[in-house]
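6 protein chains.
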Amino acid sequence: MAEEVVYRKILSFLEEDAPFWDTTTDILIPKGVAVRARVVAKQRCVVACLDDVSYFLKRLGLEVKQLARDGDTVEEGAAVLEVTGSARVVLGVERTLLNILMHCSGIATEVRKLVELVRRVNSRVRVAATRKTLPGLRYFEKKAVAIGGGDTHRLSLSDAILIKDNHIRIVGSVEEAVKIAKASASFVHKVEVEVSTPEDAVKAAESGADIIMLDNMKPSEVARVAEELRKRGLRERVLLEVSGGITPDNILEYAKLDVDVISCGYITISSRAVDMSLDVVEVIRK
Amino acid sequence: MAEEVVYRKILSFLEEDAPFWDTTTDILIPKGVAVRARVVAKQRCVVACLDDVSYFLKRLGLEVKQLARDGDTVEEGAAVLEVTGSARVVLGVERTLLNILMHCSGIATEVRKLVELVRRVNSRVRVAATRKTLPGLRYFEKKAVAIGGGDTHRLSLSDAILIKDNHIRIVGSVEEAVKIAKASASFVHKVEVEVSTPEDAVKAAESGADIIMLDNMKPSEVARVAEELRKRGLRERVLLEVSGGITPDNILEYAKLDVDVISCGYITISSRAVDMSLDVVEVIRK
Amino acid sequence: MAEEVVYRKILSFLEEDAPFWDTTTDILIPKGVAVRARVVAKQRCVVACLDDVSYFLKRLGLEVKQLARDGDTVEEGAAVLEVTGSARVVLGVERTLLNILMHCSGIATEVRKLVELVRRVNSRVRVAATRKTLPGLRYFEKKAVAIGGGDTHRLSLSDAILIKDNHIRIVGSVEEAVKIAKASASFVHKVEVEVSTPEDAVKAAESGADIIMLDNMKPSEVARVAEELRKRGLRERVLLEVSGGITPDNILEYAKLDVDVISCGYITISSRAVDMSLDVVEVIRK
Amino acid sequence: MAEEVVYRKILSFLEEDAPFWDTTTDILIPKGVAVRARVVAKQRCVVACLDDVSYFLKRLGLEVKQLARDGDTVEEGAAVLEVTGSARVVLGVERTLLNILMHCSGIATEVRKLVELVRRVNSRVRVAATRKTLPGLRYFEKKAVAIGGGDTHRLSLSDAILIKDNHIRIVGSVEEAVKIAKASASFVHKVEVEVSTPEDAVKAAESGADIIMLDNMKPSEVARVAEELRKRGLRERVLLEVSGGITPDNILEYAKLDVDVISCGYITISSRAVDMSLDVVEVIRK
Amino acid sequence: MAEEVVYRKILSFLEEDAPFWDTTTDILIPKGVAVRARVVAKQRCVVACLDDVSYFLKRLGLEVKQLARDGDTVEEGAAVLEVTGSARVVLGVERTLLNILMHCSGIATEVRKLVELVRRVNSRVRVAATRKTLPGLRYFEKKAVAIGGGDTHRLSLSDAILIKDNHIRIVGSVEEAVKIAKASASFVHKVEVEVSTPEDAVKAAESGADIIMLDNMKPSEVARVAEELRKRGLRERVLLEVSGGITPDNILEYAKLDVDVISCGYITISSRAVDMSLDVVEVIRK
Amino acid sequence: MAEEVVYRKILSFLEEDAPFWDTTTDILIPKGVAVRARVVAKQRCVVACLDDVSYFLKRLGLEVKQLARDGDTVEEGAAVLEVTGSARVVLGVERTLLNILMHCSGIATEVRKLVELVRRVNSRVRVAATRKTLPGLRYFEKKAVAIGGGDTHRLSLSDAILIKDNHIRIVGSVEEAVKIAKASASFVHKVEVEVSTPEDAVKAAESGADIIMLDNMKPSEVARVAEELRKRGLRERVLLEVSGGITPDNILEYAKLDVDVISCGYITISSRAVDMSLDVVEVIRK
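Residue numbers (this note's numbering), protein chains in the order written: chain A, 298 to 583; chain B, 298 to 583; chain C, 298 to 583; chain D, 298 to 583; chain E, 298 to 583; chain F, 298 to 583.
It is worth saying that the hints were derived from the structure and are not from the lab. One or more hints might be untrue.
Where chains are identical, the list cannot tell them apart; a pair therefore holds if satisfied intra-copy or between any two copies.
[Claimed, not checked] Straight line, CA to CA, 30 Å or less: simulated DSSO-like cross-link-like pairs of lysine-lysine: (1) K355 - K461; (2) K355 - K553; (3) K362 - K500; (4) K355 - K339; (5) K362 - K515; (6) K528 - K306; (7) K328 - K410; (8) K328 - K515.
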């Protein structure tokens with residue numbers, strides 16, 4: 298997204314937080330006062346969306362120093378951003394910028410944790426997010442996933458084919474669904490199918506699917522699917538994604554298997570924010 | 298928010314999920330096919346924002362039956378909504394509606410849990426949310442808080458005065474800040490002050506603050522503040538809010554005290570979604 | 298409202314005035330020509346929203362000198378703003394900026410007049426606006442009220458409780474309505490009730506309302522209400538607002554009484570613009 | 298404007314009045330309650346924009362009966378609109394709809410008064426508005442002018458050429474400005490020139506202007522201009538508009554002259570609202 | 298349109314092309330890399346909308362040199378624009394800027410061709426566009442027409458009266474329609490009528506129409522209309538526009554006649570783009 | 298795109314055509330008059346976007362009968378749509394709906410022609426559009442391409458990787474660019490590379506590109522690339538797209554070769570509209 302587009306998005310967040318004005322600040326803080334303030338991480342984390350927030354703050358007329366880069370792991374107490382400028386502007390924007398950074402850094406931190414966990418047992422497997430993102434925040438959440446080292450997966454319904462259970466129920470069979478999709482989808486889009494049995498996985502591969510998502514299967518079932526595909530010489534032709542109920546507790550059981558992608562919805566839909574605060578470190582009176 | 302305004306907001310979420318179209322569904326599902334589908338809660342929860350989602354679905358031309366009401370506690374496996382209509386529309390909107398319901402119900406469920414916990418020891422104290430909401434979602438999150446039985450607290454920077462640490466740092470003292478605010482704020486708005494020491498709490502009450510927020514104080518300190526205020530005959534004149542690091546683990550320690558409000562930021566900024574799915578229960582071919 | 302948000306609002310006003318372009322100016326004025334021009338008040342007035350307009354003009358690339366500050370009283374013939382830059386831009390924006398300044402200064406001037414009038418007899422009473430504002434202009438009108446020295450009253454339906462006649466008609470009684478509101482409103486919001494009889498005023502105070510609005514009462518009735526409340530020891534607990542048909546002609550009769558707030562709808566809904574013009578004082582050809 | 302476009306505009310006004318929700322109504326009024334309510338004019342007036350408001354209310358799900366038509370003169374106490382439906386919706390929209398109707402009817406009433414005044418002495422002259430409209434409300438204000446029987450004049454900078462003093466100052470002379478405009482303006486657009494001396498009026502007519510606006514001229518000067526033009530056989534070729542400081546007090550002096558149009562800025566920029574109220578006449582409990 | 302309004306419009310085009318981000322560029326191009334690039338016309342053409350595009354690119358932070366001006370005829374291979382700045386920004390915006398310039402220059406080039414063709418036989422006749430413009434692009438297309446030397450004709454339905462066949466069918470007759478329009482249209486707006494027979498053309502002129510559009514008439518019929526009007530002394534009072542099926546192949550047959558305007562819908566609705574490319578001429582690594 | 302989203306898009310087009318109102322229609326056509334009207338194709342064509350336009354018209358309150366379906370080939374003179382309802386609404390929307398249908402049907406007709414042409418010599422090759430679409434119209438144009446039987450290619454910069462000449466110039470080599478893209482792109486997105494020499498085509502295939510676009514190559518060169526790839530056993534692993542300067546005149550020379558996709562920019566950027574008109578066939582007076 299162009300920086301100016303992201304800027305406008307964040308401006309609408311600011312507008313949500315002050316439909317008229319920041320009554321407290323407008324009453325208490327004279328126009329001439331400036332401050333220097335720092336955004337401080339109150340726990341170890343991977344910071345995300347600092348670039349976006351910095352651009353936004355500059356556009357509001359503040360001077361900004363980024364003290365960390367997107368993707369950096371910072372320690373508890375580390376300052377990640379320093380802003381200098383109108384106290385009114387800084388205090389008015391405080392909550393909005395913290396909400397974005399805390400949320401996105403929370404996602405990036407969790408993704409990074411999963412990626413590092415998984416890499417210990419399988420250097421080839423990817424950790425991916427899903428479309429279980431919070432409404433209106435997909436750009437930020439998918440970006441945080443990428444910053445954390447994860448795979449963004451589909452950005453929207455418009456950018457790849459993913460045939461799900463409800464589609465198959467209506468079309469009638471996995472083969473038929475894949476056949477139609479291969480014939481009608483643009484040649485630039487891959488075709489993925491969600492299956493819940495090894496049989497359907499094989500059918501999907503034979504029908505020409507590019508990616509097979511094994512939904513809610515136990516590790517042992519997943520292993521069997523991979524085995525079946527290898528046996529039939531189909532394993533090379535498809536990517537295998539496992540999904541459904543995967544958490545830090547059980548992810549290694551899947552990571553050890555012959556799969557290409559592990560996707561987790563909780564990363565975005567149940568994300569845990571990183572605690573951060575904005576501390577005024579200097580008051581500058583003109 | 299007028300239903301039509303909420304409708305437009307949700308439509309923009311749908312647009313985010315399909316900047317062009319739902320390629321998969323448009324390719325696989327013929328226009329004439331209709332389905333009956335149910336939204337099913339996959340865990341016990343308090344459902345929230347069903348009204349908003351139902352209105353939205355009706356506006357898209359679907360027939361909707363609400364099988365639960367906002368605020369109801371439903372059991373694992375309970376269907377909360379039934380929609381009938383164009384399969385293309387239902388599948389295209391599936392993820393968007395689930396993301397909203399899962400997120401809002403997650404918040405309402407957590408709030409309800411806290412409210413019930415707290416009531417056991419203090420029937421008078423309120424559980425409140427903060428402005429740590431996810432950008433763009435304040436309406437939905439504050440509404441979920443109210444549905445769960447919590448207090449919404451300030452909806453925005455425009456609807457009450459809340460003097461925070463950074464304001465006081467610039468103004469110079471609690472008393473001065475409260476004095477200015479009382480003089481300049483509209484008579485319809487209350488004046489709240491955040492303090493971190495018992496001394497400042499007393500000063501705030503003496504200066505005429507309507508609400509005092511005790512930030513990051515230990516239960517023992519909070520008790521001392523209340524005691525001080527009572528001693529000086531100030532306790533009746535103010536509401537006491539405690540805030541900062543309060544979780545289900547320590548909330549009862551605060552609830553037992555002579556406080557009016559306990560506020561928790563994690564409810565909204567680190568909310569955990571309720572798992573739900575949309576199941577097609579009937580395919581209707583014309 | 299963040300300056301950038303106000304800027305976008307004014308830009309939409311400009312767009313309304315030129316859905317395609319300013320045909321006259323584009324045809325007559327060559328691109329290279331610059332002008333220095335002044336906004337001149339053609340009558341004594343309190344200027345308002347100069348800051349907002351100046352920020353807007355700077356964003357359009359003009360050099361701006363504010364020759365007065367928001368809230369200043371300026372004499373007939375005084376220049377309040379000087380802009381220098383592209384003649385095309387200046388002429389294209391002339392009407393839009395004048396319409397805003399003339400309207401807002403008209404409101405501020407009227408408010409200031411009322412405030413000064415009232416202060417002569419009662420230094421404690423406030424003059425307040427209402428929600429009778431022109432659609433789309435609430436930010437500007439409420440700001441002009443504040444600049445004039447008035448109280449903004451509720452900014453919107455979301456920022457305080459105001460129980461009106463129609464609410465009471467549905468709920469059944471003043472007491473019941475106040476009781477419900479006190480139980481359900483957020484602790485940060487005050488509860489105000491509109492009453493039209495002294496009896497209801499007493500009931501409202503007894504039920505715990507924070508503010509009582511005496512609607513369309515004669516001064517003698519208002520006096521009786523205050524007396525009744527004092528007698529019962531309730532006067533200290535509530536703020537008294539008088540409203541309905543109050544104009545410069547009768548405002549002193551109310552101001553003399555024991556009331557806290559006098560609100561007038563005409564200030565915003567029937568405001569009289571201050572006459573201003575934009576005069577080109579120098580043509581600069583490159 | 299398409300009804301749906303006007304609907305969206307009014308919806309944005311509603312949003313301005315309730316950035317989150319109508320706290321009072323949502324707390325006090327149960328969902329099941331319906332009301333029948335009437336909009337009543339509290340003074341004699343010409344009603345305007347009833348069609349637009351009615352369409353809007355229908356789109357919010359209310360049943361609407363128009364008891365008067367746009368342009369009707371109604372007596373004090375007359376009901377102009379009856380709405381039936383959800384009490385929550387009716388009360389939530391009350392202020393917004395009243396603000397529109399009061400403002401627009403105020404404009405239409407004033408315009409009608411001027412038109413009737415003028416007609417007594419000159420059946421051919423038109424009363425016109427200007428571009429001194431309140432930002433964001435041009436559609437509504439110009440429509441109210443037309444409903445009152447006035448001429449809308451230019452709707453925007455894009456729909457006719459109007460050469461003003463500042464343009465002439467830059468171009469150098471009236472003749473040169475008219476010449477350029479005639480050569481470059483689209484053949485579908487008329488060319489009007491504002492002049493302040495009889496000499497310039499003659500020059501403008503000789504140069505081919507379609508309309509001449511006599512700005513801030515005394516009646517005697519206007520008479521002289523008309524005489525000059527007649528003498529030179531130019532009167533038939535142009536329309537004469539008088540403008541600047543014209544009020545009900547002096548309008549007849551201009552109306553008696555040989556002019557085609559009298560335009561008044563105060564109609565829109567200093568309009569006086571008609572008093573109206575929304576009265577609940579029946580509470581319907583399900 | 299104010300430059301900032303055009304900027305926002307183009308930004309929305311950019312958003313259409315990257316609902317999330319430019320995946321390719323974000324992956325391949327490091328943030329620190331800058332480029333110098335040129336927009337090159339790959340065929341002889343009249344360039345249009347360079348000003349608008351340049352302003353847009355500057356607002357995105359790029360340094361811009363215009364190497365041609367709007368309306369210039371440039372030869373095959375000519376560079377018209379040079380931009381220097383972040384490679385990410387340049388590549389992300391490449392397609393959007395080319396699509397605008399190619400489209401608008403295509404229109405301007407075709408208009409210029411027609412204008413020059415027509416001038417050879419009639420120096421007084423104008424070539425005009427119609428309202429057959431591509432949805433959302435009217436500003437750009439009408440501007441390109443003007444840049445090419447054409448007449449923009451009506452910019453929208455709001456800026457002149459044009460009575461068409463369907464209007465007349467409903468009203469009943471040309472005379473009646475013109476009469477109503479003359480009475481009700483603002484004095485600043487001209488009245489044009491579309492007719493398809495010489496008889497109706499005469500009636501329209503007699504009824505006071507300002508412009509008569511002869512729709513889909515053969516040159517011989519058009520000649521007869523002009524003759525009829527001259528005979529009755531009406532020709533001077535009206536402008537004659539011919540329209541319908543006019544192309545470069547037959548335009549001279551119309552241009553030779555006594556008409557004022559020739560309008561062509563194909564210019565905008567079937568425009569042919571000029572081929573242009575953006576070539577990176579230097580890669581600048583920091 | 299959800300129908301409601303498309304509806305809003307078309308509404309904005311209508312707004313562009315009537316920033317205030319349709320002056321002509323509002324003056325001439327009484328509110329009570331209804332019409333039955335038909336959209337008639339004035340030349341043989343493939344109709345496109347009828348569904349979208351029909352939904353829009355229904356939302357404006359008109360009764361709509363689709364007389365053809367998207368993708369149907371209709372003969373000259375065929376009616377494709379019949380609308381019945383308010384004459385004001387029908388005439389106000391006439392130009393907007395025609396502009397959409399004429400443009401989209403023009404694209405679909407051209408695509409269908411190419412597809413049928415190509416099929417005669419190669420049943421496997423696809424005809425694809427590019428991102429050379431008119432700003433703001435990508436949804437409609439890509440949909441028209443699909444309706445005509447073409448491949449939409451990338452919908453936006455966000456939905457597949459396409460490494461172009463400018464990317465390679467910055468990265469340094471085809472191999473490096475493909476390598477980075479394969480490592481960083483999401484597993485759901487394909488990687489396509491644009492090359493202009495047979496050598497680069499081979500390198501791209503060897504590096505793992507999914508699709509190779511041969512840009513501006515002569516048929517003989519394309520044949521050589523295919524041959525090279527077959528020789529090295531790489532042909533099966535990649536899709537071959539040819540692009541650049543392909544028109545109906547030379548498309549068969551490419552179609553005969555061993556390629557998978559032929560893409561043409563002119564389809565959308567230089568499309569030729571189908572002529573259509575809206576004819577009122579019945580006037581219904583109430």
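Violated hints, by number in ascending order, as checked against the structure: 2, 3, 5, 6 and 8
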